[in-house]
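Number of protein chains: 2
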Amino acid sequence: MKAMIITGFGGPEVFQQREIEKPTPEATEVLVRVYATSINPVDYKIRQSGEWAGVKPPAVIGYDVSGVVEAIGAGVKDFKVGDEVYYTPDIPGRIGSYAEYHVVDEAIVARKPKNISHVEAASIPLAGGTAWDALITRAHLRVGETVLIHGGTGGVGSLAVQIAKAAGAYVFTTCSGKNVDFARQLGADRVIDYNTENFVDVVASETAGEGVDVVFDNVGGDVIANSIAVTKKYGRMVSIVNIEGNTWPAHLKNIDFHYLFLERHRYKLDFLRTLIEREQIKPVIDSVMSLEEVASAHQRLENGGVRGKIVLKIHE
Amino acid sequence: MKAMIITGFGGPEVFQQREIEKPTPEATEVLVRVYATSINPVDYKIRQSGEWAGVKPPAVIGYDVSGVVEAIGAGVKDFKVGDEVYYTPDIPGRIGSYAEYHVVDEAIVARKPKNISHVEAASIPLAGGTAWDALITRAHLRVGETVLIHGGTGGVGSLAVQIAKAAGAYVFTTCSGKNVDFARQLGADRVIDYNTENFVDVVASETAGEGVDVVFDNVGGDVIANSIAVTKKYGRMVSIVNIEGNTWPAHLKNIDFHYLFLERHRYKLDFLRTLIEREQIKPVIDSVMSLEEVASAHQRLENGGVRGKIVLKIHE
Chain G
422 MKAMIITGFG
432 GPEVFQQREI
442 EKPTPEATEV
452 LVRVYATSIN
462 PVDYKIRQSG
472 EWAGVKPPAV
482 IGYDVSGVVE
492 AIGAGVKDFK
502 VGDEVYYTPD
512 IPGRIGSYAE
522 YHVVDEAIVA
532 RKPKNISHVE
542 AASIPLAGGT
552 AWDALITRAH
562 LRVGETVLIH
572 GGTGGVGSLA
582 VQIAKAAGAY
592 VFTTCSGKNV
602 DFARQLGADR
612 VIDYNTENFV
622 DVVASETAGE
632 GVDVVFDNVG
642 GDVIANSIAV
652 TKKYGRMVSI
662 VNIEGNTWPA
672 HLKNIDFHYL
682 FLERHRYKLD
692 FLRTLIEREQ
702 IKPVIDSVMS
712 LEEVASAHQR
722 LENGGVRGKI
732 VLKIHE
Chain L
422 MKAMIITGFG
432 GPEVFQQREI
442 EKPTPEATEV
452 LVRVYATSIN
462 PVDYKIRQSG
472 EWAGVKPPAV
482 IGYDVSGVVE
492 AIGAGVKDFK
502 VGDEVYYTPD
512 IPGRIGSYAE
522 YHVVDEAIVA
532 RKPKNISHVE
542 AASIPLAGGT
552 AWDALITRAH
562 LRVGETVLIH
572 GGTGGVGSLA
582 VQIAKAAGAY
592 VFTTCSGKNV
602 DFARQLGADR
612 VIDYNTENFV
622 DVVASETAGE
632 GVDVVFDNVG
642 GDVIANSIAV
652 TKKYGRMVSI
662 VNIEGNTWPA
672 HLKNIDFHYL
682 FLERHRYKLD
692 FLRTLIEREQ
702 IKPVIDSVMS
712 LEEVASAHQR
722 LENGGVRGKI
732 VLKIHE
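Going down the list, the protein sequences come from chains G and L. By the count of the numbering used here, the first sequence reaches residue 737 at its end, each step adding exactly one. By the count of the numbering used here, the second sequence reaches residue 737 at its end, each step adding exactly one.
Looking at chain G on its own, in the form it has when it is part of the complex (with noise of 0.2 Å):
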């Protein structure tokens, strides 16, 4: 089968197409013809100095899968061969899912939602469930609640939106001035544009000083420890990134802060699948390119300004 591996850490230029041996799924997995992939952070990140996760190149990486079940192993009990499926794969995995086919166990595997294709489909599974461990399993957003979510039309930013608005919360995010627009299409209540406003000041006179329940960063540097001042007193902060600066306000504030690696589990992907179905989220894809584009799509997703998910289509 077709793969694209990387061989080595480094720049985009280390990945190369190759014809690998389509695996065989062992006695709890299942194997899955890959309609549609899509490319995080976290993808070029190890594709940079991936040893912290455990890839020894030459490896085949990549973390999203839409796709159908094209066999299955002796004791898979949840699947049959036919079903469509979608699902992150563990990392670092058996293999990745830049490749024709992908096995996986099928613990991890849940049900595509019916009314997206394999290419929306492809974009949920890594960000939505990002996005739902740290809004819902993590921070625990409630209704009436108000968040801040840093990069809010990114990746995991434009589904951690509409999760936050589905879940009833007063939703302020920031982004770059061309996606003002595009972030109140999202659901978004207040969308500060970072270049031309300062969040802390924004925040703090919009919510008369009170501040916000949770804060989301996808963004990483200073942002936190600069959130900390328009965070309540008891409030929660999630962070997917790298943090820098002074964080001793936070215990002034009595704050909790959850650092968040998603672990792969079947049911947040049963949740997904459920806010999909019912339309309370939509997929976002910025662009599609084929399987031997990956390592534009790399560059591409590194550039910084994209929007949503970046797919890449293997099967039609």
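No lab work stands behind these hints, which were simulated from the structure alone. Be careful, since some hints might not be right.
Chain copies aren't distinguished; within one or between two, either way the pair holds.
Said to hold, decoys possible - In silico EDC-like links for lysine to aspartate or glutamate, alpha-carbon gap of 20 Å or less: (1) 654 / 684; (2) 423 / 521; (3) 498 / 566; (4) 674 / 511; (5) 674 / 684; (6) 654 / 627; (7) 501 / 447; (8) 654 / 511; (9) 653 / 684; (10) 734 / 504; (11) 703 / 505; (12) 674 / 472; (13) 734 / 691; (14) 443 / 491; (15) 535 / 691.
Following the hints, position chain L against chain G.
For chain L alone, coordinates are given in the frame of chain G:
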């Protein structure tokens, strides 16, 4: 009445003895004759540079009281003249506790444990409330869990070790060599001398690589960052001190981080009284000094190595 005031921010030499007016209680306040107060690290941090805490010299600082109600405001419901009470004054509050009398809102005052002296009771409110909040309110430490307490023989740590044992947890604690036996007497299951043992190696090896459920840091610096390696996935870390170093590994383990600064509430003191009266925890008194010796008491605490609390005895 006699009080020790800080004349400005700086070293212990900023203390001066003064005669100031005995305060009168407002509607919901009680006037307390202070039998004893105690010294906490926050005291010398405020004495050094207390702008962050809202303190404006000249000021009476001090944040622990054990004493007797001498007068009550018209709206006071829960106390009468003659009641023995203990509590930790708010920061900055109307006045601190380095004085012969103190006024305080009854909402944060509790009845003193019956089976201990005023000197012993004065050692409990701030340090005990902090240890209680860290392990119970925030980290939800449960029977059967394992906890690592950094600095287990200091003011907060010596109570934290006892509370963790009382809660049914297995307790690792770090301290300097001369305090190892003392930490064992407090109930710690495995005492780590940080001068001769590496706590990461000890905890990893003695938990079969699993790590602990909860880490509580009273030390600061890179202690939290270094403890991530021996914290379980979805573990909880609580800090009352500044943290430094790389916290990215906490993402990979989905760790919850609780920043803590004590909020004053009566219910915490009621819990602590119950534990003391049932002899599940005991006050730990390093030394007893007089109010006039407060500068020396600060110096002693700043020098380090104090076991439990330094108490100032004000009235017999």
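Hints versus structure:
no.: 1; hint: 654 / 684; result: between (29 Å within a copy, 10 Å between copies)
no.: 2; hint: 423 / 521; result: within (6 Å within a copy, 83 Å between copies)
no.: 3; hint: 498 / 566; result: neither (40 Å within a copy, 35 Å between copies)
no.: 4; hint: 674 / 511; result: between (36 Å within a copy, 14 Å between copies)
no.: 5; hint: 674 / 684; result: between (29 Å within a copy, 9 Å between copies)
no.: 6; hint: 654 / 627; result: within (17 Å within a copy, 37 Å between copies)
no.: 7; hint: 501 / 447; result: within (15 Å within a copy, 75 Å between copies)
no.: 8; hint: 654 / 511; result: between (36 Å within a copy, 16 Å between copies)
no.: 9; hint: 653 / 684; result: between (28 Å within a copy, 14 Å between copies)
no.: 10; hint: 734 / 504; result: within (19 Å within a copy, 76 Å between copies)
no.: 11; hint: 703 / 505; result: within (18 Å within a copy, 62 Å between copies)
no.: 12; hint: 674 / 472; result: between (37 Å within a copy, 16 Å between copies)
no.: 13; hint: 734 / 691; result: neither (23 Å within a copy, 63 Å between copies)
no.: 14; hint: 443 / 491; result: within (12 Å within a copy, 84 Å between copies)
no.: 15; hint: 535 / 691; result: within (12 Å within a copy, 56 Å between copies)
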